[in-house]
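K.L.:
Here is what each chain is made of, one letter per residue.
Protein chains: 4
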Amino acid sequence: MNQFFPEVKKIEYRGPESKDPLSFRHYNPEEVVLGKKMADHLRFAVCYWHTFKGLGDDPFGGPTMIRNYNQSSEPMQAAKDTMHAAFEFFTKLGVNFWCFHDRDIAPEADNLAETNKRLDEMASLAKKLQGDTGLRLLWGTTNAFSHRRFLAGASTNPSPEVFAYAASQVKKAMEITHELGGQGYVFWGGREGYDTLLNTDMKRELDHMGMFMNMAVDHKKKIGFEGDLFIEPKPKEPTKHQYDFDAGNCMAFLQKYNLTNEFKLNIEANHATLAAHTFQHELEYAAANGMLGSVDANRGDMLLGWDTDQFPTNLYDSALAMYTIIRAGGFTSGGLNFDAKLRRQSIDPVDLFYAHIAAMDCFARGLKIAEKMINDGSLAENLKKRYAGWDAGLGAEIESGKADFEKLEQYTIENGEPELQSGRQEMLENILNGYI
Amino acid sequence: MNQFFPEVKKIEYRGPESKDPLSFRHYNPEEVVLGKKMADHLRFAVCYWHTFKGLGDDPFGGPTMIRNYNQSSEPMQAAKDTMHAAFEFFTKLGVNFWCFHDRDIAPEADNLAETNKRLDEMASLAKKLQGDTGLRLLWGTTNAFSHRRFLAGASTNPSPEVFAYAASQVKKAMEITHELGGQGYVFWGGREGYDTLLNTDMKRELDHMGMFMNMAVDHKKKIGFEGDLFIEPKPKEPTKHQYDFDAGNCMAFLQKYNLTNEFKLNIEANHATLAAHTFQHELEYAAANGMLGSVDANRGDMLLGWDTDQFPTNLYDSALAMYTIIRAGGFTSGGLNFDAKLRRQSIDPVDLFYAHIAAMDCFARGLKIAEKMINDGSLAENLKKRYAGWDAGLGAEIESGKADFEKLEQYTIENGEPELQSGRQEMLENILNGYI
Amino acid sequence: MNQFFPEVKKIEYRGPESKDPLSFRHYNPEEVVLGKKMADHLRFAVCYWHTFKGLGDDPFGGPTMIRNYNQSSEPMQAAKDTMHAAFEFFTKLGVNFWCFHDRDIAPEADNLAETNKRLDEMASLAKKLQGDTGLRLLWGTTNAFSHRRFLAGASTNPSPEVFAYAASQVKKAMEITHELGGQGYVFWGGREGYDTLLNTDMKRELDHMGMFMNMAVDHKKKIGFEGDLFIEPKPKEPTKHQYDFDAGNCMAFLQKYNLTNEFKLNIEANHATLAAHTFQHELEYAAANGMLGSVDANRGDMLLGWDTDQFPTNLYDSALAMYTIIRAGGFTSGGLNFDAKLRRQSIDPVDLFYAHIAAMDCFARGLKIAEKMINDGSLAENLKKRYAGWDAGLGAEIESGKADFEKLEQYTIENGEPELQSGRQEMLENILNGYI
Amino acid sequence: MNQFFPEVKKIEYRGPESKDPLSFRHYNPEEVVLGKKMADHLRFAVCYWHTFKGLGDDPFGGPTMIRNYNQSSEPMQAAKDTMHAAFEFFTKLGVNFWCFHDRDIAPEADNLAETNKRLDEMASLAKKLQGDTGLRLLWGTTNAFSHRRFLAGASTNPSPEVFAYAASQVKKAMEITHELGGQGYVFWGGREGYDTLLNTDMKRELDHMGMFMNMAVDHKKKIGFEGDLFIEPKPKEPTKHQYDFDAGNCMAFLQKYNLTNEFKLNIEANHATLAAHTFQHELEYAAANGMLGSVDANRGDMLLGWDTDQFPTNLYDSALAMYTIIRAGGFTSGGLNFDAKLRRQSIDPVDLFYAHIAAMDCFARGLKIAEKMINDGSLAENLKKRYAGWDAGLGAEIESGKADFEKLEQYTIENGEPELQSGRQEMLENILNGYI
Ligand SMILES: [Co+2]
Ligand SMILES: [Co+2]
Ligand SMILES: [Co+2]
Ligand SMILES: [Co+2]
Ligand SMILES: [Co+2]
Ligand SMILES: [Co+2]
Ligand SMILES: [Co+2]
Ligand SMILES: [Co+2]
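Line by line, the protein sequences give chains A, B, C and D. Residues in the first sequence are numbered consecutively from 0, following numbering that gives the first Met the number 0. Residues in the second sequence are numbered consecutively from 0, following numbering that gives the first Met the number 0. Residues in the third sequence are numbered consecutively from 0, following numbering that gives the first Met the number 0. Residues in the fourth sequence are numbered consecutively from 0, following numbering that gives the first Met the number 0.
Hints listed in this document are in silico derivations from the structure and should not be mistaken for laboratory results. As the structure is a prediction and not an experimental result, all values here were calculated from the model. Careful, some of the hints might be misleading.
Identical chains blur together in the list; that is why a pair holds if it fits in one copy or across any two.
[Said to hold, decoys possible] Derived DSS-like pairs (lysine-lysine); straight-line CA-CA distance at most 25 Å: (1) Lys406 <-> Lys116; (2) Lys202 <-> Lys383; (3) Lys171 <-> Lys401; (4) Lys384 <-> Lys239; (5) Lys401 <-> Lys255; (6) Lys221 <-> Lys171; (7) Lys202 <-> Lys255; (8) Lys220 <-> Lys79; (9) Lys91 <-> Lys239; (10) Lys127 <-> Lys79; (11) Lys171 <-> Lys406; (12) Lys384 <-> Lys18; (13) Lys367 <-> Lys36; (14) Lys239 <-> Lys221; (15) Lys79 <-> Lys171; (16) Lys18 <-> Lys367; (17) Lys35 <-> Lys116; (18) Lys202 <-> Lys384; (19) Lys371 <-> Lys202.
Turn these sequences into a full structure, and let the hints guide you.
P.N.:
Laid out in structure tokens, this is it:
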């Protein structure tokens, strides 16, 4: 357990004044906030793909990061070394959860049967390492977008053979997620969309995706997997247009195909902003629909039009996210997964620690800011006052379903012009700054 | 009928070689295309708000357009003059439909009862002029966003009094729409959204909007109005975030509040692009869900982030829109409403004609291009071939509901790697250019 | 001096724990930071246009704000009442500077001569009130974009008569700015651009703008005005494309027309982001070119595509801006002008105070964060280390101008592959959070 | 010459009615348009990087395209096969020009000396194949962005060793470009910018880039290369912010470092739109400054925020581009280089032909549309009329430099309110449609 990151010791909480960049200044897992330990509020997870498989390449250049755990010329040995490195990292960082795609942990072989054997072997190792370390699996997922066979989609592919292939892959990935005690299973439809409408039958593709998700529910029940199913919205990239555009579009899909009881949403910050919503908007919308499941905690660059998947370091974002998550009841099966990658220039292994520490401290501080917001109560009080008209009198009558257009017209004619309140946005923004 | 635009005669079709800017080169209403008259395919409507009430002002400057029909210092006289000008314009332009908001045709008075009387008076005049000219009403709507009382929304207002006011207004507007034989009634929620989440209870607001729309359905039935109800998506502007973000978000809302049988969508081109969708995407999505009702035919500037509401003059847009509309069965109650305004610099009354002629010729040509696309059949053939796998064998079995993950895994293990087809996007784009 | 905002007393500094929304928690004008009083660092200015002339209207609705100082039916009386209200507001808020457009302070009359008389009368009143209160003018400017005569531009108008009109207006505005002891004079080319290239001769328009600016320099010298001239970049809105797109485009223009010695830049935060730059980028770019003059301190909404001109309340923005401004030497003639407007829903006069307090506290705190950044020195040290190669050896040789391609090739062949450093972005972002 | 694309014959012009997707419907190289052969107007070039080295991978997946010319396990053999394939493709397609980066044609070796030898060997082969086929080199360039050594920039790198490496590489690439008779040499600063200002000294980096470009000019003169130097603007991607943001920012840079006489611009359509300009805007701006050098003819997706580098198939874009290019005098050393890549799903070799045919026909048709625009003259006439005021009287006086603010104020007081003209945008858009 000290093989791949020998230069780094276990990251400790040292308080706000710490100058050690390899310490936490805010994340103190056992500290109780709003009646619960920080670790239990935040349920941090490290993602396998960016953190251990990503090497800094981008569309304009190759890898920049040189790692000691992927040097073996034998693919399965490299996979095992990488997994040992991952659990060493999880442990030193002090997170309780991890997440993976099937293809992250085991390299694809020449055929599906052989690939699945490799997956089984790596899942066994993961299970052992989970046992050794106490780590838990937040969720598993399938990569049905990187291989060229999925160039035109997985469940929405024009070819039923590819649909079948994707089904086989989800089946297996769901089974090993179950085996590893995963709290959930995520669907991100990386190529479920289109590049041009000129070659696309949208209705047929949506119907196929609806059938696929229903089959997934059936299989989940068949194998007794009791984790949650999550769908992760993203509006575009890699395709020009993805069907799971945003939380609202996912809700339309889930309702149409009778899936609302079987799915929740996994909201990613960067996908929210790519869809022209704030991160908090997507969280609030999911919560308003009882569908807030889990979170991919990262950030985009608001001036860039692609998924930069940066580590979350903005305190406004983390504070408002935690404020919404806590008011929605907090996480049950979900958590905060860092679907985030090092910048191409952050080439050292220690940058992986710096980045996760920055993100964890940002959310720990976000949690404490949310605690202040809740304890102080000014925002809630302002909201209560603003909507007070609905709690009695005319408002209560409307909400109870007793009004119709005729009654309301009569009311208006009798009562005349409504009184108006200031929205107080600037004052509220100043109050928010007071908590930071 | 020659009072307000004396310098312009009835616009005639003169064929593609015409150099007269006050003639149609492509729109020939009686010409039969794909078995139906052009006028019946296109069902052009002129909107009252931009065309007769808009005067070129913008956030950085006042009106630029001086008109002869709004000079009276007596508001109702100005309203009547404007309506006469409108019907003169409709007639000279040769459209069959018009659209209006309640507040476009009659100025608001000191109280609702008086305002409603004015509306009745103007509706009577409109009815007479419809009779005189043969014009028909495509749809009516309510302006519940311009008056300061709606600064925080109409049905989503924190104040139930404003909800009641909006209900009264919709009630009346729906009644005069019915009286005028409107084919439909549109809801565009101009301020149904929020400016900051800091002062917003999203769930409560959405529930109120759901109740409001259900009351509207009830009232429609009560008065026997048989036109269609349309909801018009727009993602933002004037508010930071509007609940009817796009077609998908509207579908989520309509399903949640049991309204899918009572509503269709009114797709606006510029609202589609503000929501980061193509115009054609929103049309296809609506069609795929059986919800394509009507169209606000305009265009945005793809490099500007606000609703420019320009006249539609892009042949790709009009061709692809008509291709989708026709394949979806064509318009029934809906049509192509020019929700478009003159550029601030286009100050002459004759510019209103130039702009509408440009737009109508653009859609007439779009229709003829769509005719070529359909008659030639290359695109449809390519699509059929691309999805052929679903018409028999494995694909048919999946579509019939007989497959599950286990069967599909077995199939994949037995059959190995799927064959892949080129998406042929570049060739298809060249084929499309061949029709233009 | 207690006529128009009787409900508000002088805003006092009460420290970070104050719960009084009508107090400062951070802005303490006499407090010394980095060797200078906060007031002298920040040089806050209130703008006349949004704060006293803006009433909450937007493209979708009329005014929402009812004020007691613009009720007179006599335009000059309303102008005078407004100016008294303005100086009462400045004084109670405790800013030292204000800014105005010519047309903000005096209503236009039937002809230019009469308009100029009105301007003189209002300038006299302003001069008196400046004397009474100690307020100073940060800068004056001309509104050559609101009146319909400027629909196609001012100095870039296709009509030389409009060019002449704009020249007359700038002449007068510059003269009263001089009379009022203005520290500077701003050019924001509200309609200096185009709506469509189909009707635009870009080269000719740019040449005209170059001539115009040179005439302005000549006139400045003629009247002995010693303030600075500033040009304010903005990429678009109201026009589709504005020539002063961003700081870089302004630099290209100023160099081409030999104006770099006569102008500096007035950087607006919201204009920076509309041009797809960060606020800090535009400040750094201006500083790198020795052109950082003054700042319009506001913010946009990163998900909206128009100039929202919100009050600045983001601590990252204010901290990074102050960090750049201080490292560039701080303001001389310039300052922080709140080119910001109340949200449409913030309808009460007291919201003007809330908004300015929020903004001033945000920048006061930004200043103190910048102080920590500078005093701690981690960021500067990191930068020094990163570029250390240029301070000696090969780097110094290159910077001294002694290298050429041949020498550098020889060096490379002899020395082989360069060593690489991590960019450390995530660690640096965490360090920044440590200052907030 | 029939080895790598055996299924495709020489592409012939067959006229607008051709249904053969492997024929030109509009590009007829010998046909004379506006007094010059189409081939000489358009000067089409195929780019080596996307067309022969690109294989369909994207950030979410690996290659999709399987080619027969890159199968050799010996890198130099694969390079030679690829070059033979390239010249077979050029010849069959019928273009006269090609473009390349140094690293496209020869794989990097273990050290620079060895790499340069490989480059020499491949340049010899290219020279021979140019001789055999009559192909010419439009321009060469350096790839100083893909290798990890350039992760923090080339000439703007914090390390002078990397600056030196980049210099060595440009030196060599310029020399082989010269050897191959290149018409020009392009600088695209793929990583000349920054990812975060927290670790960036912008001023120092810009000064280094200025020195670098001056050294390049010196070297050009030293070796007697008489082609043009081009700088290619791009606002972002791969970096967050690139210094060559757009044509205006490049002009600012070139003026500051005294390079305007030595450089022209290479305008890429997709880079224009990423910078929030239209393609035509950047062309017009370059032309207005006498800097229009060459064109990367592609297109972006206006709803996507990354460089999609699609093949140009929009007739409005090609028509307006050719209209501007021809009015600016046409190409001299430059041409239309297809910096465009196949969509990931277009996996067949024949798709390379379909795509280039689509693009060439699009520009051929754009040229013919521009011919109509010029011959008809309506647009030019409208422009002349719009600016007529500047050709005599007051306008001419101003343009001649005889006016100042005092004279213009006097003129305005004497002459009163200017007359205004309609901008006629909608009519002009309709006229444009008439040419398509
Ligand atoms: Co994610
Ligand atoms: Co992402
Ligand atoms: Co509309
Ligand atoms: Co609109
Ligand atoms: Co400003
Ligand atoms: Co602004
Ligand atoms: Co390019
Ligand atoms: Co590009």
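K.L.:
State for each hint whether it applies.
P.N.:
Right, here's what the structure says about each hint:
no.: 1; hint: Lys406 <-> Lys116; in the structure: between (69 Å within a copy, 19 Å between copies)
no.: 2; hint: Lys202 <-> Lys383; in the structure: between (43 Å within a copy, 14 Å between copies)
no.: 3; hint: Lys171 <-> Lys401; in the structure: between (52 Å within a copy, 20 Å between copies)
no.: 4; hint: Lys384 <-> Lys239; in the structure: between (44 Å within a copy, 22 Å between copies)
no.: 5; hint: Lys401 <-> Lys255; in the structure: between (29 Å within a copy, 20 Å between copies)
no.: 6; hint: Lys221 <-> Lys171; in the structure: within (13 Å within a copy, 55 Å between copies)
no.: 7; hint: Lys202 <-> Lys255; in the structure: both (12 Å within a copy, 21 Å between copies)
no.: 8; hint: Lys220 <-> Lys79; in the structure: neither (31 Å within a copy, 57 Å between copies)
no.: 9; hint: Lys91 <-> Lys239; in the structure: neither (40 Å within a copy, 32 Å between copies)
no.: 10; hint: Lys127 <-> Lys79; in the structure: within (12 Å within a copy, 50 Å between copies)
no.: 11; hint: Lys171 <-> Lys406; in the structure: between (59 Å within a copy, 13 Å between copies)
no.: 12; hint: Lys384 <-> Lys18; in the structure: between (44 Å within a copy, 19 Å between copies)
no.: 13; hint: Lys367 <-> Lys36; in the structure: within (12 Å within a copy, 33 Å between copies)
no.: 14; hint: Lys239 <-> Lys221; in the structure: neither (35 Å within a copy, 45 Å between copies)
no.: 15; hint: Lys79 <-> Lys171; in the structure: within (19 Å within a copy, 44 Å between copies)
no.: 16; hint: Lys18 <-> Lys367; in the structure: both (20 Å within a copy, 19 Å between copies)
no.: 17; hint: Lys35 <-> Lys116; in the structure: neither (41 Å within a copy, 61 Å between copies)
no.: 18; hint: Lys202 <-> Lys384; in the structure: between (46 Å within a copy, 16 Å between copies)
no.: 19; hint: Lys371 <-> Lys202; in the structure: between (48 Å within a copy, 23 Å between copies)
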